[in-house]
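Novice: Going line by line, the protein sequences match chains A and B.
Residue 1 is where the first sequence starts when you use this note's numbering, and the numbers rise one by one after that.
Residue 1 is where the second sequence starts when you use this note's numbering, and the numbers rise one by one after that.
Because the hints were derived from the structure by calculation, they are not lab data.
No experiment lies behind these values; they were computed from the predicted model shown.
In this text, a Cβ means the ideal position worked out from N, Cα and C, and glycines have one as well.
Mixed in with the good hints there might be a few duds.
27 Å max Cα-Cα, derived DSS-like pairs, lysine-lysine [unchecked claim]:
1) A:LYS214 - A:LYS237
2) A:LYS209 - A:LYS227
3) A:LYS357 - B:LYS291
4) A:LYS23 - A:LYS403
5) A:LYS214 - A:LYS227
6) A:LYS447 - A:LYS312
7) A:LYS403 - A:LYS324
8) B:LYS312 - A:LYS23
9) B:LYS291 - B:LYS81
10) A:LYS23 - B:LYS291
11) B:LYS35 - B:LYS332
12) A:LYS43 - B:LYS35
13) A:LYS403 - B:LYS291
14) B:LYS263 - A:LYS378
15) B:LYS312 - B:LYS332
16) A:LYS378 - A:LYS43
17) A:LYS378 - A:LYS319
18) B:LYS312 - A:LYS276
19) A:LYS280 - B:LYS291
20) B:LYS263 - A:LYS23
21) A:LYS43 - B:LYS81
22) B:LYS81 - B:LYS133
23) A:LYS276 - A:LYS23
24) A:LYS276 - A:LYS43
25) B:LYS312 - B:LYS81
26) A:LYS274 - B:LYS263
27) A:LYS312 - A:LYS214
28) A:LYS280 - A:LYS214
Stretch-level coverage of chain A by chain B, calculated; a stretch enters the list once three of its residues show a Cβ under 8 Å from a Cβ in chain B [to be verified]:
29) 9-15
30) 399-411
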Amino acid sequence: MSQIFELPDVGEGLTEADILSWKVAEGDSVEVNDVIVEIETAKSVVELPSPYSGTVESLLVAEGETVETGTPIIAISGGDESGDDHKQRTRVPSEAAEDEAEPDDEPAPQALVGSGPKADSVKRRARKRPAPAPRPAPQEPERAPQPAQPGEKKGLLKGSLPNWQELQGRATKLVEEGREAIRRMPANGRNEVAGEPTGSIPHRPTLAKPPVRKAAQDLGVDLADVKPTGDNGQVTKQDLMNYVAHIAETTAHSEDGDFWNAESIGDDRIERIKVKGVRKATARAMSQSAFTAPHVSIFVDVDATRTMEFVKRLKKSPKYEGVKVTPLLILAKAVIYAAARNPQVNATWTDSEILIKHYMNLGIAAATPRGLLVPNIKNAQDLTLRELAVALNDLTATAREGKTQPSDMSGGTFTITNIGVLGIDTGTPILNPGEVGILAFGTIKQKPWVVDGEVIPRWVTTLGGSFDHRAVDGDLSARFMADVAAILEEPALLLDM
Amino acid sequence: MPEQQTTVEVPSNPWGIPARLQLLNEEAQLQHDDKFSPYVEDIDRETLQQVYRTMMLTRRFDDEATALQRQGQLALWAPCKGQEAAQVGSAFATRPEDFIFPSYREHGVAISRGIDPGELLALFRGVNTCGWKPQDHNFQAYTLVLAAQVPHATGYAMGLNFDADFGNERDPNSDEKPAVLAYFGDGSSTEGEVHESMVFAASYNAPVLFFVQNNQWAISVPFSTQSRVPIATRAAGYGFEGLRVDGNDILAVVAATRYALEKIRAGEGPVLIEAETYRLGAHTTADDPTKYRTNEELESRTLHEPIGRLEKYLRAQGTPDSFFEELMAEVKEYGASVRNSALNLQNPRFEDFFERVYASAHPLVQEEAQWFQEYQEGFEEQN
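From just these sequences and the hints, can you work out the full model?
Specialist: Right, here's the structure in full:
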């Protein structure tokens, strides 16, 4: 007999998790507490140990999928016949049958502890609703003729658990029939009754929770068309998604590979990407920053020809063999130099204090498979140029592999975003929350530049800086930007450090 | 961020930071201390083996409970991994008549007090609010509200001063009063209740031992942010003795606790012990420690965990391999029994709740219990 493991709530009140990676495959044998899967919740990445021993029969959820707690995720066959959970599962229902005083003990094999508050609350509500039903029990035909058994004691309530369940079943059926009736009403079945004015008939809307309702509205779906499967006859999110998927399938058009959808497909022309993980964190951080810190942005065009030459020389230098040298390295060094001269840009604003950091944890915005991350180089001020080059390489490599640790991203004091690698001239970056300065490094390309009254081609870039005006005034940000620009124009000034 | 911390220069110990007591160092070598070594002289190898066994069972229990939570069988779990010496050692130094007020992480103390795994897990499985009868073990229910147990303990200890014979019923040969132990952590130590408790305990000379396990992290706040000086330093401000011990050194913990309890029993009032230990696991299973502490820190702290140190010492003292092998087998079996008892927990009978309202019978509660019984019997006819 196969044993099913359902996704538990591993935090407090988590309702879903992403399946990151399976540590076992079908056919593997597992022992109790062997790690079988790694999941990611809103709070953390967690390894789940197997509650059973036996052979993995099937993995019920694919990697990368997001599933709700309580969803069966793995089936494990055979193993220990006296498996504890078997006992558990058979025990609960029998106990419930004996112990009528506790309708909370309804047979519910899936309702293990911690399967999330969502499942919990749905169950409780379902029981409470029909609870008063036993009161009119004498009306029930099957019960009325039964003679009282000898020794029978009449209590306060004349119901019983089996009866109560029966009533609950009847109630559910009635609700369903009622819903059917409502659905057959002219207001909903537009074709059924010809000539009747439909507007005057009371219209009961299909049941659905507000997010589902909103989604349906956005998708242009009439909820009345969707088959509801919810406990209370409501259209669930899954119902809506199934319906939409069904519509998409049935109206599938020939140009599958084409990005653009023809209008004829109806309203299903909008692709929905769930906002979660890094995207969600980025969105939160950016809107927090944009709406709390008054940004002031300034720009400066820089002749970076000498920087390019310097980079070229470093590349050739035996000392830098095997180390990747880019203009970003010079810029990073320039930022450290300029921050020491204008310390207030390397700070944190709190409403009562400006915390000036006498160290530089230099953040580098990096596009990674997980999304935008800003890992930082701790104590960058202590690093030599070569050490800084190595640190930059490590940081970007780690980020690209998606292995950046949360601690790598905390405690940043200033950020550089290297938009130049994408061929962009400049932009107005948004501050990393907790910092008061950020610098966008534009692309470096040859442009006409006036030197001593003559137009000559030079390597030119644009620096775009954004600053939190609460902490950094215009003159200070200008001085800082000018200092950075000065280094790019003449890296030899670094010798001054 | 730690970098933003102002470091306080304390060249000549102007704050009176207590010296850190260590009797068994990181390399498992005995250290002599004139004052404290005599307190553990009577502990022979066999006794230490028993203590080691309790620590191992605690570790296994904790691991099993963590796994059960990950399998959806417990709603939550607060691991005590790494704190076994502080917990088992201090519990070992108590007498049965001493009354203990735990937080929610004192699994090693609970096991030492004879509470069985199922009783301990009932709360975390959501089956019961407390799985044991506190009076049966002189071990209060777990307190989930941080620091709330500290004023309870202090009040109980103040009561003992008025009701001197209370604990002696258990030990008629002793003319000493029982003591009260309040367990809490470094995080709780920053809460107001702890301050108030210490003020009251000092004012009323309450026979209470404040036993702080400083596990270095208050969820995600490091100890360096919580306090500029070790917590034990604070005792001087209240006017009683504060001891600072290596909380991963079983002998130091036992010696300090015995010394403190001796003083308390002799009527000298409260004592504070800070056991410096380290939480190897998460704050609770709802927390992800990798978000606030580095792997390097965890690795270096793991090197100093208490069970390995005691094992090394025992082996050096001549404990045979067979002891460890047999214990491993026992521990494995124990893990399975922990799992079993958790999964087979029974819901309490509703009637039991009526019995817990008052210590002695109360007419109103009896009336309600009567009503409930009638109500219940109303269902029985249909069976």
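Novice: Does LYS23 (chain A) sit within 27 Å of LYS312 (chain B), going by the straight-line distance between their CA atoms?
Specialist: Roughly 34 Å separates the two Cα atoms, so the pair is violated.
Novice: Hey, LYS35 (chain B) versus LYS332 (chain B), does the alpha-carbon distance stay inside 27 Å?
Specialist: violated (39 Å)
Novice: If you draw a straight line from the CA of LYS43 (chain A) to the CA of LYS35 (chain B), is it 27 Å or shorter?
Specialist: It is violated: about 48 Å lies between the C-alpha atoms, which goes past 27 Å.
Novice: Holds or violated: LYS276 (chain A) and LYS23 (chain A), Cα atoms, limit 27 Å.
Specialist: holds (24 Å)
Novice: Under the criterion that the straight-line Cα-Cα distance not exceed 27 Å, is the pair LYS23 (chain A), LYS291 (chain B) satisfied?
Specialist: holds (23 Å)
Novice: Holds or violated: LYS447 (chain A) and LYS312 (chain A), Cα atoms, limit 27 Å.
Specialist: Roughly 19 Å between the alpha carbons, so the hint for LYS447 (chain A) and LYS312 (chain A) holds.
Novice: LYS43 (chain A) and LYS81 (chain B) were given as a pair; does the straight-line alpha-carbon distance stay at or below 27 Å?
Specialist: Given pair LYS43 (chain A), LYS81 (chain B) holds - Cα atoms ~21 Å apart, limit 27 Å.
Novice: Can the restraint linking LYS280 (chain A) and LYS214 (chain A) be considered satisfied, given a maximum Cα separation of 27 Å?
Specialist: Between LYS280 (chain A) and LYS214 (chain A) the Cα gap is close to 20 Å, so the pair holds against 27 Å.
Novice: For LYS214 (chain A) and LYS237 (chain A), compute the direct alpha-carbon distance and say whether it is at most 27 Å.
Specialist: holds (11 Å)
Novice: Checking one constraint from the list: CA of LYS263 (chain B) to CA of LYS23 (chain A), max 27 Å. Satisfied?
Specialist: Violated - the C-alpha atoms of LYS23 (chain A) and LYS263 (chain B) are around 55 Å apart, more than 27 Å.
Novice: Would you say the segment 9-15 of chain A counts as covered by chain B, given the rule of at least 3 residues with C-beta under 8 Å?
Specialist: Result for this restraint: holds, n = 4.
Novice: Within a Cα-Cα threshold of 27 Å, do LYS312 (chain B) and LYS332 (chain B) meet the stated pairing?
Specialist: holds (21 Å)
In this structure, the earlier hints numbered 8, 11, 12, 14, 18, 20, 26 and 27 are contradicted, and the remaining ones agree with it.
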